[in-house]
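Quick note, the sequences are listed as chains A and B, same order. Mapping to my numbering: the first sequence position 29 is 29, numbers consecutive. Mapping to my numbering: the second sequence position 93 is 93, numbers consecutive.
Be aware that a few hints might be false.
[What the hints assert, rightly or not] With a Cα cut of at most 30 Å, we get these calculated DSS-like pairs of lysine-lysine:
no., chain 1, residue 1, chain 2, residue 2
1, B, Lys30, B, Lys52
2, B, Lys30, A, Lys36
3, A, Lys56, B, Lys30
4, A, Lys68, B, Lys13
5, B, Lys13, A, Lys36
Think of the hints as simulated: they come from the structure by calculation, not from any bench. Since the structure is predicted, the reported quantities are computational estimates derived from the model, not experimental observations.
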Amino acid sequence: GEDVEQSLFLSVREGDSSVINCTYTDSSSTYLYWYKQEPGAGLQLLTYIFSNMDMKQDQRLTVLLNKKDKHLSLRIADTQTGDSAIYFCAENGSNDYKLSFGAGTTVTVRA
Amino acid sequence: DAGVTQSPTHLIKTRGQQVTLRCSPISGHKSVSWYQQVLGQGPQFIFQYYEKEERGRGNFPDRFSARQFPNYSSELNVNALLLGDSALYLCASSSPLQETQYFGPGTRLLVL
Numbered sequence: 001g002e003d004v005e006q007s008l009f010l011s012v013r014e015g016d017s018s019v020i021n022c023t024y025t026d027s028s029s030t031y032l033y034w035y036k037q038e039p040g041a042g043l044q045l046l047t048y049i050f051s052n053m054d055m056k057q058d059q060r061l062t063v064l065l066n067k068k069d070k071h072l073s074l075r076i077a078d079t080q081t082g083d084s085a086i087y088f089c090a091e092n093g094s095n096d097y098k099l100s101f102g103a104g105t106t107v108t109v110r111a
Numbered sequence: 001d002a003g004v005t006q007s008p009t010h011l012i013k014t015r016g017q018q019v020t021l022r023c024s025p026i027s028g029h030k031s032v033s034w035y036q037q038v039l040g041q042g043p044q045f046i047f048q049y050y051e052k053e054e055r056g057r058g059n060f061p062d063r064f065s066a067r068q069f070p071n072y073s074s075e076l077n078v079n080a081l082l083l084g085d086s087a088l089y090l091c092a093s094s095s096p097l098q099e100t101q102y103f104g105p106g107t108r109l110l111v112l
């Protein structure tokens, strides 16, 4: 089955790095995703990683995947106030049509 | 290029009524998925349609139905609305290789 877990809250100082962690249960997932949701908005795809990779870097974002432990993390370098949002981890499991999401991590950036 | 569009943006209904939500995918995308996001939770999968056929259905009652049109736009219908159907309904379209889903802004439904 699918069960994606994330910590609920993260507070970080502006300019520091943020690290958001996620664990998933479906080892057959081929892709894992990070989405960002700002208040009152839909979900913005930030980045995704193929399951045979262990790291992906995209500008300020670094995704680390530990497939053995089913652990995914998102690092945001030089965190800005505009990074304040809810971040969702998601997996596609054994189906490529259905995404299973965690409950989201609310990131608050303080000056 | 335009992203995924949804209409209406907000809707207020009363219990027992029926509602239709609409979605247009990104140009060139043939697959549309629907998700329900209750306040404080992550999105839950409702349906996916590909080439006008249902590919998958989540754990939702038969009151929820959907269809996809020849131009790949889609409608989600919910009958006999319950208070618990109040949520943000998100539509997503999938890239041609199906590896990514791009979401629209959502329709916020309030059932009174």
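Here is what the structure says about each hint:
1. B:Lys30 / B:Lys52: Answer holds: Lys30 of chain B to Lys52 of chain B is near 8 Å, not above 30 Å.
2. B:Lys30 / A:Lys36: holds, 24 Å
3. A:Lys56 / B:Lys30: holds, 28 Å
4. A:Lys68 / B:Lys13: violated, 47 Å
5. B:Lys13 / A:Lys36: At roughly 29 Å apart (the allowed maximum being 30 Å), Lys36 of chain A and Lys13 of chain B satisfy the hint.
Comparing the model with each earlier hint shows a violation of hint 4 alone; every other hint is respected.
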